[in-house]
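Visitor: So the sequences go chain by chain: A and B. Position 143 of the first sequence, counted from 1, bears residue number 134 in this note's numbering, the numbering being contiguous throughout. Position 194 of the second sequence, counted from 1, bears residue number 185 in this note's numbering, the numbering being contiguous throughout.
Simulated from the structure, these hints should not be mistaken for lab results. Just to be clear, a hint being listed does not mean it is correct.
One copy or two, it doesn't matter: identical chains are merged, so the pair holds either way.
To be verified - Heads up, simulated DSSO-like pairs for lysine-lysine below, C-alpha to C-alpha not over 27 angstroms straight-line:
id, residue 1, residue 2
1, K0, K247
2, K86, K10
3, K120, K22
4, K0, K10
5, K10, K247
6, K310, K0
7, K394, K20
8, K86, K0
9, K86, K120
10, K247, K20
There are 2 protein chains.
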Amino acid sequence: MAQQEIPYKIYLEENEMPKAWYNVRADMKNKPAPLLNPATGRPMTAEELSGVFCRELVAQELNDTDREIPIPQEIRDFYRMYRPSPLVRAYCLEKKLDTPAKIYYKFEGNNTSGSHKLNSAIAQAYYAKKQGLRGVTTETGAGQWGTALSMACAYFELDCRVYMVKVSYEQKPFRREVMRTYGASVTPSPSMDTAVGRAINERFPGTTGSLGCAISEAVEAATTREGYRYVLGSVLNQVLLHQSVIGLETKAALDKYGIVPDVIIGCAGGGSNLGGLISPFMGEKLRGERDYRIVAVEPASCPSLTRGRFAYDFCDTGKVCPLAKMYTLGSGFIPAPNHAGGLRYHGMSSILSQLYHDGYMEAVSVPQTQVFEAAEYFARCEGILPAPESSHAIRAAIDEALKCRETGKEETIVFGLTGTGYFDMVAYEKFHDGKMEDYIPTDEELEKSFAGLPQIG
Amino acid sequence: MAQQEIPYKIYLEENEMPKAWYNVRADMKNKPAPLLNPATGRPMTAEELSGVFCRELVAQELNDTDREIPIPQEIRDFYRMYRPSPLVRAYCLEKKLDTPAKIYYKFEGNNTSGSHKLNSAIAQAYYAKKQGLRGVTTETGAGQWGTALSMACAYFELDCRVYMVKVSYEQKPFRREVMRTYGASVTPSPSMDTAVGRAINERFPGTTGSLGCAISEAVEAATTREGYRYVLGSVLNQVLLHQSVIGLETKAALDKYGIVPDVIIGCAGGGSNLGGLISPFMGEKLRGERDYRIVAVEPASCPSLTRGRFAYDFCDTGKVCPLAKMYTLGSGFIPAPNHAGGLRYHGMSSILSQLYHDGYMEAVSVPQTQVFEAAEYFARCEGILPAPESSHAIRAAIDEALKCRETGKEETIVFGLTGTGYFDMVAYEKFHDGKMEDYIPTDEELEKSFAGLPQIG
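Work out the full structure: start from the sequences and follow the hints.
Guide: The structure is reproduced here in structure tokens:
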């Protein structure tokens, strides 16, 4: 099909939207390693997990055989309020870069939560409601996940309790306020509400918290309260499953116009967006039907894939969660305070870790000043203010497109634009004022952090 | 067509997007009164206006005969980056309200400027570029217009100088930062950069500024600098012309499904959104082809249509602009400081003023606590965080739908959802904390303000 026929934005019709999530584990020869019970060192059973997670979500977490899992009608109805998201042809960016590359991005920011996180939040809230629960607990760092979950819980009239990393709670009062608009209660973490929070506060007086610590508190709050379960916005298999809707829509939109990407790029923190975006493409690759380059982009300040260890590790600081086998910087690792935005989790989805380990995926890391340069460049021609997280993918996509300018190759690049940066203007301000610094952990720092890895697996 | 076939979001194809703006003045028997030169009391000529505005925009401002004005290809290309905007069927809102009414909203918030303002900003930037100008100046209050213009100028590589009402500049540092991301310079107004700014600062030491005052400064900055012109985001005929793209898309989307609205509702500050949304419907009404109820919703704290005078008035505080005949509260009127969001202009588009005067339109005013109640209610079921401005229309739409619940009438309600509230969380916080107050000016206050009206026309 001739290039000029491709519109700026490819929208699917509502009847072309996916009716089932795609479970990439079904096509993996080497399945992701199971979660382990830290007390016994044995794989977590469904029963053990059911104390923390909703029953149907546990089933999804453990299901590595069914390729398709139907999306319940109630979730599909909600998806229709903000999906399908557009697959955008970045005509203006291409022109400004003077590249022969064709660049597409799947834009997930056109909903109030401002990111792709809503795709899994609504699913998790649905299953909690279906199980007759009163509410859910969770943690949030930059605030995208907490916002998404608040919206989802408001829709299903579930109570929503969010533990927000204290430094973000204080620096991002507006994020907190959006969650309150959706009726959620938001507690700065570490708090004095939980045993683990009190212990951390006692051990590290004045601490401004971390994601790992907020997870511990949220899990405790769920397991000690009647009618509550814990939910998580990334890392887990179930989350990547729900996020496959991104990739399925992307592929359907490309297929409509007979477009085959050469390279697919996504930012990677815990892996929710990347895992979702690439899933159907990875499926073809795993089944040997087609080859793609697949690139994970992570911050140089929190480089779990590019510099981490592939090992079992704790998912949280308080060590109340199961152990996961993943690329990790050690559960005690906290990125430097000057790190802007999300993508600050010490580990990485077990699914993506396994795929990376098995050579199905590349990974690069980029320092944040280069990320913000790309963000501003993109904003000025494509008219979208990107989230810092998403801008990692923009950076890598621009770099690929510039390589094409050198080589003359007409590559087709697809990247995930996960969200908007409306609540990240403090970071943008630092960048404009020349006050943003890059931080790259030294080998010594990482070695020290690796020393805390548990001796398992 | 059966109701169940209507999707959640009606998107037009790119080839169904309008190729010409619709100029409602062509269909008005009573044309809006011309702008007057305050010195001579005579209608402003094209030549006089060309010192302030770009030539082609002056032509559009004065053109009250051509029904269609082609949209230049460059603007249509830009429109395609963020348009068509969706016309959303508010299924969830209808269900929650338990109303037989069918509610649709045209959502203009899915672009980084966060509002419909971009529709005119890109047009005005285009004509400035085409004229070979170096840059443009403008004012902004809540910040939506300044953001939109910054984006448009970045796209066409024009210099952009924004005078931002000082109180907003200080309370909304993030808005300022978005404009900087797009390369604009942002100056708090009144500043010491202009003669009018210095005079106002001297006369009212410590003043936090007003829109009327920022307009005066921006006009001075444009007319005293080589290669610059002034641009304005509302009130003017040209702005309503560009914003007709909202109504044209809305009508095309409704026509696709054979839907005929009973009532069309829009919020009204200077009239840019309302005028654009209703234009093709108003055209049918003016030509006697069809009847609709058309409702303007304004804040009770700044009630220009419902309580203002229909008279010639100054458009700005410094009285450097031409006089416009409009519904006005007097150019010295400033809404109470507790007023949240935009819609704080003392006057109203001359086109809308004339139509209202001639009985083609209704107007209601609503106090802001009721507006925020509606905003939160809407956010929790429709998943969009609305701007306070837009929420005026939500309030009125909900009230209409509740009337339908009483009467059992299956009315079709269409309203304009002009933008998102990401930068309005301070106001939301006040509302959540029960600290938001309503302010309704007394008759005495208004009489005092009317006393400042010029004795013309």
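Visitor: Now look at each hint and say whether the structure bears it out.
Guide: Status of each hint after checking the structure:
1. In this assembly of identical chains, K0 and K247 lie within 27 angstroms of each other by CA distance both inside one copy and across copies; the values are 12 angstroms within and 20 angstroms between.
2. With identical chains, the CA atoms of K86 and K10 are at most 27 angstroms apart between copies only, with a shortest distance of 24 angstroms across copies and 36 angstroms within one.
3. In this assembly of identical chains, K120 and K22 lie within 27 angstroms of each other by CA distance neither inside one copy nor across copies; the values are 30 angstroms within and 57 angstroms between.
4. In the homo-oligomer, the alpha carbons of K0 and K10 lie at most 27 angstroms apart both inside one protomer (22 angstroms) and across protomers (18 angstroms), since each shortest distance falls under that limit.
5. For a Cα distance limit of 27 angstroms, the shortest separation of K10 from K247 qualifies both inside one copy, at 17 angstroms, and across copies, at 26 angstroms.
6. Within a single copy, K310 and K0 get their C-alpha atoms no closer than 45 angstroms, and across copies no closer than 45 angstroms, so neither meets the 27 angstroms cut-off.
7. For a Cα distance limit of 27 angstroms, the shortest separation of K394 from K20 qualifies neither inside one copy, at 33 angstroms, nor across copies, at 61 angstroms.
8. When the C-alpha separation of K86 and K0 is checked against a cutoff of 27 angstroms, the pair qualifies only within one copy, where the shortest distance is 16 angstroms, while the shortest distance between copies is 31 angstroms.
9. Taking the shortest Cα distances, K86 and K120 sit within 27 angstroms of each other only across copies (19 angstroms), while inside one copy they are farther apart (48 angstroms).
10. Taking identical chains as interchangeable, the C-alpha atoms of K247 and K20 are never at most 27 angstroms apart, the minima being 30 angstroms within one chain and 49 angstroms between chains.
Of the numbered hints listed earlier, those contradicted by the structure are 3, 6, 7 and 10.
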